[in-house]
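Protein chains: 2
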Amino acid sequence: MLNNNYYCVIMAGGVGARFWPMSNSTTPKQFIDVLGDGQTLIQKTFNRFARVCPKENIYIVTNKAYHDQTREQLPEIADEQIILEPYRRNTAPCIAYANYKIKAKNPNAVIVVAPSDHYIQKEDVFVDVISKGLGVVSQNPCLLTIGIRPTFPNTGYGYIQYNEDEGFMGNPSIYSVKTFTEKPELEMAKSFLESGDFLWNAGIFMWSLDTIDKAFEEFLPDINDLFKQGEGLYNTPQEEEFIDRIYQVCRKISIDYGVMEKAANVKVYAADFGWSDLGTWGSLYDLRKKDDKLNTVVGNHVKMYDSEKCIVNMPRNKVVVIQGLEDYIVVENNDMLLICKKSEEQQIRQYVTDIQVDFGKEFV
Amino acid sequence: MLNNNYYCVIMAGGVGARFWPMSNSTTPKQFIDVLGDGQTLIQKTFNRFARVCPKENIYIVTNKAYHDQTREQLPEIADEQIILEPYRRNTAPCIAYANYKIKAKNPNAVIVVAPSDHYIQKEDVFVDVISKGLGVVSQNPCLLTIGIRPTFPNTGYGYIQYNEDEGFMGNPSIYSVKTFTEKPELEMAKSFLESGDFLWNAGIFMWSLDTIDKAFEEFLPDINDLFKQGEGLYNTPQEEEFIDRIYQVCRKISIDYGVMEKAANVKVYAADFGWSDLGTWGSLYDLRKKDDKLNTVVGNHVKMYDSEKCIVNMPRNKVVVIQGLEDYIVVENNDMLLICKKSEEQQIRQYVTDIQVDFGKEFV
Numbered sequence: 001m002l003n004n005n006y007y008c009v010i011m012a013g014g015v016g017a018r019f020w021p022m023s024n025s026t027t028p029k030q031f032i033d034v035l036g037d038g039q040t041l042i043q044k045t046f047n048r049f050a051r052v053c054p055k056e057n058i059y060i061v062t063n064k065a066y067h068d069q070t071r072e073q074l075p076e077i078a079d080e081q082i083i084l085e086p087y088r089r090n091t092a093p094c095i096a097y098a099n100y101k102i103k104a105k106n107p108n109a110v111i112v113v114a115p116s117d118h119y120i121q122k123e124d125v126f127v128d129v130i131s132k133g134l135g136v137v138s139q140n141p142c143l144l145t146i147g148i149r150p151t152f153p154n155t156g157y158g159y160i161q162y163n164e165d166e167g168f169m170g171n172p173s174i175y176s177v178k179t180f181t182e183k184p185e186l187e188m189a190k191s192f193l194e195s196g197d198f199l200w201n202a203g204i205f206m207w208s209l210d211t212i213d214k215a216f217e218e219f220l221p222d223i224n225d226l227f228k229q230g231e232g233l234y235n236t237p238q239e240e241e242f243i244d245r246i247y248q249v250c251r252k253i254s255i256d257y258g259v260m261e262k263a264a265n266v267k268v269y270a271a272d273f274g275w276s277d278l279g280t281w282g283s284l285y286d287l288r289k290k291d292d293k294l295n296t297v298v299g300n301h302v303k304m305y306d307s308e309k310c311i312v313n314m315p316r317n318k319v320v321v322i323q324g325l326e327d328y329i330v331v332e333n334n335d336m337l338l339i340c341k342k343s344e345e346q347q348i349r350q351y352v353t354d355i356q357v358d359f360g361k362e363f364v
Numbered sequence: 001m002l003n004n005n006y007y008c009v010i011m012a013g014g015v016g017a018r019f020w021p022m023s024n025s026t027t028p029k030q031f032i033d034v035l036g037d038g039q040t041l042i043q044k045t046f047n048r049f050a051r052v053c054p055k056e057n058i059y060i061v062t063n064k065a066y067h068d069q070t071r072e073q074l075p076e077i078a079d080e081q082i083i084l085e086p087y088r089r090n091t092a093p094c095i096a097y098a099n100y101k102i103k104a105k106n107p108n109a110v111i112v113v114a115p116s117d118h119y120i121q122k123e124d125v126f127v128d129v130i131s132k133g134l135g136v137v138s139q140n141p142c143l144l145t146i147g148i149r150p151t152f153p154n155t156g157y158g159y160i161q162y163n164e165d166e167g168f169m170g171n172p173s174i175y176s177v178k179t180f181t182e183k184p185e186l187e188m189a190k191s192f193l194e195s196g197d198f199l200w201n202a203g204i205f206m207w208s209l210d211t212i213d214k215a216f217e218e219f220l221p222d223i224n225d226l227f228k229q230g231e232g233l234y235n236t237p238q239e240e241e242f243i244d245r246i247y248q249v250c251r252k253i254s255i256d257y258g259v260m261e262k263a264a265n266v267k268v269y270a271a272d273f274g275w276s277d278l279g280t281w282g283s284l285y286d287l288r289k290k291d292d293k294l295n296t297v298v299g300n301h302v303k304m305y306d307s308e309k310c311i312v313n314m315p316r317n318k319v320v321v322i323q324g325l326e327d328y329i330v331v332e333n334n335d336m337l338l339i340c341k342k343s344e345e346q347q348i349r350q351y352v353t354d355i356q357v358d359f360g361k362e363f364v
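Top to bottom, those sequences are chains A and B.
Once you know that position 350 of the first sequence is 350 in our numbering, the rest is easy, because the numbers rise by one and skip nothing.
Once you know that position 242 of the second sequence is 242 in our numbering, the rest is easy, because the numbers rise by one and skip nothing.
A couple of the hints might just be wrong.
Given that identical chains are not distinguished, each listed pair holds provided it fits within a single copy or across any two copies.
Unchecked claim - Straight-line distance between alpha carbons at most 25 Å, and here's what the computed BS3-like set of lysine-lysine pairs gives:
hint	residue 1	residue 2
1	K342	K303
2	K303	K361
3	K289	K318
4	K341	K290
Quick caveat, the hints were computed from the structure, so don't treat them as lab data.
Hey, can you work out the whole structure from these sequences and the hints?
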């Protein structure tokens with residue numbers, strides 16, 4: 001039923017400093033049930049894509065450090081579907097690596113690349129958009145990205161400006177792209193929203209293997225040359241040693257900056273499936289179920305008194321009494337505890353740094 | 001050097017619901033370093049009395065459940081100095097039991113009885129008062145209690161009204177007693193303070209074995225009869241079985257209500273050695289060392305930001321970040337966490353009850 005040429009590459013190498021101590025470099029956000037509904041983000045992401053691609057065509061690219069967690073959380077996939085990076089090199093090398101692995105199996109692959117740790121509210125719409133998008137890129141040599149219709153002037157997202165044209169390949173929601181813009185100031189974000197021709201960049205990409213291959217050759221030839229040297233080694237026992245060697249010399253660069261902002265054949269699929277990058281505690285608070293005092297609590301033995309609008313994440317069996325807090329984050333994980341006003345969440349990275357400086361790296 | 005007839009009975013059977021989760025029925029307050037200075041309260045109490053009585057004459061009366069903790073915290077004492085109660089029966093039976101144990105060893109004993117979990121600031125003054133008091137009761141058949149000169153209208157303490165007379169047995173600070181009053185309302189407490197003839201009841205008593213024996217015979221003959229049956233069994237292998245039996249039928253009554261409020265030969269030694277019963281988080285906060293933000297923190301890895309006047313007790317190695325709290329109690333122990341405004345500390349008993357009702361007795 002599902003097209004055997006359809007592949008999915010889930011990027012799962014992120015480290016989660018913003019959500020400390022719920023997430024940390026040992027267990028980043030993608031491996032956590034941040035919404036408190038029983039599934040981790042990578043599990044949700046995998047299950048969504050399993051409705052579009054055959055399960056055996058879904059690859060997870062992650063750091064070597066996360067091999068075991070990936071194995072544990074996705075028992076359905078084969079070990080060879082976990083692509084392990086020895087170093088963090090941003091998204092372009094990660095995608096190049098996956099491309100060469102897939103090319104060794106199926107040169108006719110059509111690929112969707114996506115982050116592992118985002119939120120999608122309307123899964124049916126999502127599946128429809130991805131399926132249609134893969135259909136388009138299997139017939140046309142374009143680089144297709146997903147743009148989310150913005151609902152407020154978020155300054156934490158990247159924006160894509162598109163041409164109000166008549167659609168593309170018979171799909172009225174796919175447009176050509178004018179510009180990519182990184183996180184704007186608030187005033188700029190407001191004017192983006194007013195103009196009506198900007199979309200949020202969701203970091204989800206679709207292309208045929210052939211098209212993305214040519215783009216790497218043209219815009220990132222140094223990176224392409226490195227990975228090309230390994231042809232014949234992918235999916236063999238020699239792969240790991242080869243990858244360890246080239247990753248050491250490979251530069252860090254994102255696919256957005258390295259390819260998408262430079263290529264002429266970029267299209268954007270404007271969609272609306274209730275998306276969030278879950279980048280802040282605030283965004284998490286907005287999405288989680290709340291009780292009648294607007295608290296959202298994970299933990300089986302938490303009692304709240306005289307408290308409102310708090311986001312609480314406690315180990316399942318910890319007995320916790322919270323009295324008299326309004327608009328706070330209260331989170332414990334790995335025997336580390338954070339109590340912090342929601343309005344101060346931008347400081348959390350600094351707290352983590354302070355702890356490392358004062359107490360040692362081993363503590364976070 | 002120390003008088004071999006001088007004995008001390010430290011009452012250490014209390015359960016600590018008010019300081020949950022720092023203390024609980026598994027580890028009550030007396031076994032905790034509540035001041036965060038390296039010694040538990042029972043250790044401090046023992047060391048104070050070791051300056052007055054020979055160490056081998058210091059007895060700890062506690063519940064069977066606390067035998068091991070007592071052993072561990074007071075390795076200097078012999079096992080026979082730990083008197084174990086099978087049930088909680090308030091202070092009168094506890095004192096009667098200790099009396100009969102001591103009588104079997106030394107009928108000429110002169111005894112000071114004291115709680116195990118109070119704070120004494122001026123230890124030298126305390127030792128002087130206890131030594132002089134024991135001298136008085138070894139020469140006079142009176143029941144001597146310690147009264148603390150009150151410094152504010154505390155509504156949590158009992159009060160002793162005394163006669164402004166010329167002193168007793170050559171000691172100008174020892175007076176005869178008019179009345180005992182339990183915890184007064186604030187207005188009453190204020191008038192007590194204004195009148196100048198009220199003292200706080202510290203729950204520390206001194207008497208000769210002979211005098212307290214006669215008092216039990218006269219005011220609590222049923223209790224005295226129970227313990228008298230065991231003469232010949234104390235300090236033998238038969239003692240435990242006997243005690244288990246009589247404790248089951250023994251009624252609960254305090255020494256204050258059962259003896260002190262009824263006897264005619266009660267005297268009070270007015271003293272001023274910086275005393276607190278450490279009965280509330282507020283009293284603990286007042287006594288602990290504070291940093292420049294007036295926070296008092298136990299825990300080696302606690303970082304405080306934008307926070308003031310908090311009392312924080314964390315496990316030694318737990319990494320904790322607290323931001324934006326003023327006047328809060330933040331305490332973790334045994335994997336249980338409390339965050340509560342200091343002003344609401346009277347509710348803590350209720351929270352503990354709620355937890356037991358909602359989650360089960362095993363959780364606190």
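Hint-by-hint comparison with the structure:
1. K342 / K303: Both ways: K342 and K303 sit 20 Å apart in one copy and 17 Å across, limit 25 Å.
2. K303 / K361: between (33 Å within a copy, 15 Å between copies)
3. K289 / K318: Intra 20 Å, inter 29 Å, cutoff 25 Å: intra-copy only.
4. K341 / K290: Both. Shortest intra-copy (18 Å) and inter-copy (23 Å) distances satisfy the 25 Å Cα cut-off.
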